[in-house]
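Engineer: As a plain string of letters, each chain reads:
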Amino acid sequence: MLDIDDSPITRNGNLLILAYDHGLEHGPVDFEDVPESADPEHVFKVAQHDAVTALAVQKGVAETYYPEYEDDVNLLVKLNGTSNLWQTEPYSPKNCTVEYAAEIGADAVGYTMYAGSNREGEMFEEFREVQEEARKYDLPVIMWAYPRGQPVKNDKKTDTIAYASRIGLELGADVAKVKYAGSQDAMEEVVDLSGRMKVVMSGGSKKSDRAFLSDVHDTVSAGGHGLAVGRNVFQREEPSGILGKLEGVVFEGKGVDGVL
Amino acid sequence: MLDIDDSPITRNGNLLILAYDHGLEHGPVDFEDVPESADPEHVFKVAQHDAVTALAVQKGVAETYYPEYEDDVNLLVKLNGTSNLWQTEPYSPKNCTVEYAAEIGADAVGYTMYAGSNREGEMFEEFREVQEEARKYDLPVIMWAYPRGQPVKNDKKTDTIAYASRIGLELGADVAKVKYAGSQDAMEEVVDLSGRMKVVMSGGSKKSDRAFLSDVHDTVSAGGHGLAVGRNVFQREEPSGILGKLEGVVFEGKGVDGVL
Amino acid sequence: MLDIDDSPITRNGNLLILAYDHGLEHGPVDFEDVPESADPEHVFKVAQHDAVTALAVQKGVAETYYPEYEDDVNLLVKLNGTSNLWQTEPYSPKNCTVEYAAEIGADAVGYTMYAGSNREGEMFEEFREVQEEARKYDLPVIMWAYPRGQPVKNDKKTDTIAYASRIGLELGADVAKVKYAGSQDAMEEVVDLSGRMKVVMSGGSKKSDRAFLSDVHDTVSAGGHGLAVGRNVFQREEPSGILGKLEGVVFEGKGVDGVL
Amino acid sequence: MLDIDDSPITRNGNLLILAYDHGLEHGPVDFEDVPESADPEHVFKVAQHDAVTALAVQKGVAETYYPEYEDDVNLLVKLNGTSNLWQTEPYSPKNCTVEYAAEIGADAVGYTMYAGSNREGEMFEEFREVQEEARKYDLPVIMWAYPRGQPVKNDKKTDTIAYASRIGLELGADVAKVKYAGSQDAMEEVVDLSGRMKVVMSGGSKKSDRAFLSDVHDTVSAGGHGLAVGRNVFQREEPSGILGKLEGVVFEGKGVDGVL
Amino acid sequence: MLDIDDSPITRNGNLLILAYDHGLEHGPVDFEDVPESADPEHVFKVAQHDAVTALAVQKGVAETYYPEYEDDVNLLVKLNGTSNLWQTEPYSPKNCTVEYAAEIGADAVGYTMYAGSNREGEMFEEFREVQEEARKYDLPVIMWAYPRGQPVKNDKKTDTIAYASRIGLELGADVAKVKYAGSQDAMEEVVDLSGRMKVVMSGGSKKSDRAFLSDVHDTVSAGGHGLAVGRNVFQREEPSGILGKLEGVVFEGKGVDGVL
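Chains as they are written, first to last, in this note's numbering: chain A, 1 to 260; chain B, 1 to 260; chain C, 1 to 260; chain D, 1 to 260; chain E, 1 to 260.
Hints in this document: simulated from the structure, not taken from any laboratory.
Honestly, I wouldn't trust all of these hints.
Remember, identical chains collapse to one label, so a pair may be satisfied in a single copy or spanning two.
Straight-line Cα separation of at most 30 Å, DSBU-like style, residue types lysine-lysine; simulated pairs [stated by the list, open to error]:
#, residue 1, residue 2
1, Lys136, Lys254
2, Lys136, Lys94
3, Lys156, Lys45
4, Lys254, Lys153
5, Lys254, Lys94
6, Lys94, Lys156
7, Lys94, Lys157
8, Lys207, Lys179
9, Lys136, Lys156
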């Protein structure tokens, strides 16, 4: 595990990753409510907000837009991803090498792990390559830890989320991004299982400010180290509003009422 | 993304790719109406027309005929392709390396992506290799972006076409070749989803001059950057006629009536 | 495409390949009528006939017997092959590398392509490796172009044979070996689809001299460049008889009656 | 086979491996009874006990915690592992290379082999890589020898356990970890089949002190060389108690009554 | 094909390979009648008999025991093998590289080929690697030529055995080990199909001395070059008895009655 507390992708030891791989993972539907969000330029501008410690994008978006923002944005290159057009066993192919990510200026790399899929084995092996290669470039590795597959009956159970996060620790991730487990207590179980590895909450689909901030506050209170958020930021007409509030909760120790 | 506006494969920022991989993809049937079109020499001659910014062919045709035309034709080597004799999950194997394409003089490379196929994962991974290798040779990468597979119910829906094009941007293509989406408005949606990546329209099966030029005009008006066309050129007895008209629409800002 | 007109495997631009991979492809049954044909030494002696421009054998036979015949026989190493003992999707694994073939003295290499098989993709990819590697050694590549697989209803149709041959041109073969299409006209269609790539006829199972020579004559008259023949030579008690006649038809412009 | 009697992972020729890969293999459930056992730090402290000759952990746990314990703990990096979330053919993917294990300080490496699985072939091949690579670093290889898969009706039969252990010898393992075969006689059969390769007993699920120590004593009396134990140590409130007793049985030739 | 008549693994041009891979292929059952045969040391001692030209073992047994016997035993490392615990399509994974075999002192290498299996293709490809790599080390390659798989109705038919042996010649083996074909005449057919490649008989399951020696005599009389034998030697209480008799038949031209 790298010590990432001095890395640009953390602030006071915590992270706020703005995730923007929806163009690949979900397609046009995620941009319908706020059409300008389809434009990577719009989102790079959003990512200049002080609250954002890293912007997570796929290779093509990174190499096209990052050069103009490299002074103001920390780049997390997501190394794998898949469209939602196909329908077999969950699997997320690697569409960028660590070497290429490093070349285009990545400050960190990300990898989606579908533990529970019958193709888990392949993903473990690809994660091994990613993790060992990333060590050579001193790049932190963030695992998108999402149990999925026919045997995973309920991916919202605390035990399942904790198991997914633990897999991150066991396989050598520096940060695991997991689903919110439903309460501060549940998030504590997840954090306890994760040892020294940092755990961040996944933003998920759009919610009200209060509901969303409350989940984030629970996570941080439970010992989690922040969040990775996409739709709950870029599907808002005015992203800087929610980012300012998240800044208070994630980095400044404020409560939900304090920031609302 | 490469800046291809100074590349030989564009003219005023737009492209007209003459696609000629039908011998591999479709076999003899596409050459029946105009038998001389079966002869690559005939098509290389057609490609000398000023309107054509690149000729897309498979490796074998490229290495056999291109040497005699290298002063007059820009070469786009199509790196994958498949016959239509087999019938399982859509997949297009790589039959030429980027290195070999560069060696035989390619100005750009092309790759067919069947997003939606259950073999999408393999194709994402092969595209990664192609894209990263092409960067070493400074060769633009054109993605033939064709969603296909059992889960893709309708590959003519605007959303599906836009999604396919966006995948090109996300994975690092420089140009995506997509199906015409049915109207200028629909093509605008596709272009909007594609960020800075250029989008060109696929010519498809043979149409009347007016109908075909009208689609191309919609595409260019929508912000698209031209087209890739095969049968609508080489299945005409006199290809230079339609090429002259396309030149007007694609590079000279003329309307359909203006060129007819 | 290599210019093979100066290569030892052609004579006056044409080829007569003696194919002898039946021990691997068919087993003992092909040697029953003329038992000495099971002995590679017997066949190497046959291949010393002036009419034979190359002898096609598998790696093991090549490395064992060729050293004694290298002054009198041109060696075509067949790089893939399979027994007929198994029964799933047509596929022919590579049992010799181009590098090894070159090392043991090959003048050319051969590869069987089952277009239409659901494993066509793998074979396209392996052919890519073979073709690109062969270029490094300046070795001509002969494609055994045999459409096969459940979707290939009739591999004797002119269109199917022409498609198979065209695939050879598209993928970079120097010569395609195809089934006889049934008439001179049909062979012309095949040749027309094949561009500058040479097409040779496959000998197939044993026939009478007249019937066999007539097919060969049709092929040459149609613009084909000769044949690859196995059983129609080595299953005859006196191979030099038919070879003398083939020499007339293939290299000396004689008619069937002229040589009989 | 390496001579491991001088290696730090043995003591008087025997081994007591503290296995702690349960976070990956089983998830949170194994830590429920003794919650602090979820914390790798707790287990590293336990491993400082003189009785423990090596601590077996996965890569991520190793690289995160081992640096602080390297003077007091011998590190066995488990190279493969899988979650129990998925449900197809038994297979354990490699999530760490030997090279990486060596780099982070491993004294030995471990690999789980599911002989009997229909993916046995892949595992044999991966074990080959592991074993040959480990030889370059002079690292002993411990095989977790667990027959598994639909054809394995009963993995507790003496013959099956003996076969599994023998596979370790045949494939080049230095130590095989096998299930306890039920009696000293049965363990003798296992040891007899294993030649010079050392055999250690797997601890399995938690038992009473007497029952557990009795199995261990049988193993050592049968010529086995110790044990690998996880839950029977870390699921006890006071691990040092049982470790002291195991020390007597495994390294000091004491009987069960003698240590209780 | 290597000239192996001067190699240590032949004597007067013939071979007697003592095969001892049963611990991997069959497990404990083969050692039940003569328990000391489970101990590789016992079998290495047997292999010191003058009649044995090579001992065939798997990698682990080789590296553990061979160093003490290297002056008296010629080592044939079997490169692939499988347990009989699993039950799908016949396939034998490679568990040792040629390079590693050479490093531990191999005088020759062996590979099992299941022609007829639906995984024949993979095995052809792996054999290619083995054969070409072995040439670099000047190591003879012995093919265990065993047709197997659902399409192989009867692996004792002369034609099938002859076909299997021929595959050895075609793919570049130096020696093929085949089942006894039932009579001297049948073995002659096998030998005739095998060209210059040496053919040895496989010992198979235990028989009476006379029956076994008679098969061996037929093989040698038919032009075969000896045998590979396991159970018919090590399952005898006094292996040197039968070895002495085999020596007479295989190397000294004696008849069955002459040695009994």
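Engineer: So, for every hint listed, does it hold in this structure?
Structural biologist: Evaluation of the provided hints:
{"no.": "1", "hint": "Lys136 x Lys254", "result": "neither (37 Å within a copy, 48 Å between copies)"}
{"no.": "2", "hint": "Lys136 x Lys94", "result": "both (18 Å within a copy, 19 Å between copies)"}
{"no.": "3", "hint": "Lys156 x Lys45", "result": "neither (33 Å within a copy, 33 Å between copies)"}
{"no.": "4", "hint": "Lys254 x Lys153", "result": "neither (36 Å within a copy, 49 Å between copies)"}
{"no.": "5", "hint": "Lys254 x Lys94", "result": "neither (38 Å within a copy, 43 Å between copies)"}
{"no.": "6", "hint": "Lys94 x Lys156", "result": "both (26 Å within a copy, 28 Å between copies)"}
{"no.": "7", "hint": "Lys94 x Lys157", "result": "both (28 Å within a copy, 27 Å between copies)"}
{"no.": "8", "hint": "Lys207 x Lys179", "result": "within (14 Å within a copy, 36 Å between copies)"}
{"no.": "9", "hint": "Lys136 x Lys156", "result": "neither (35 Å within a copy, 44 Å between copies)"}
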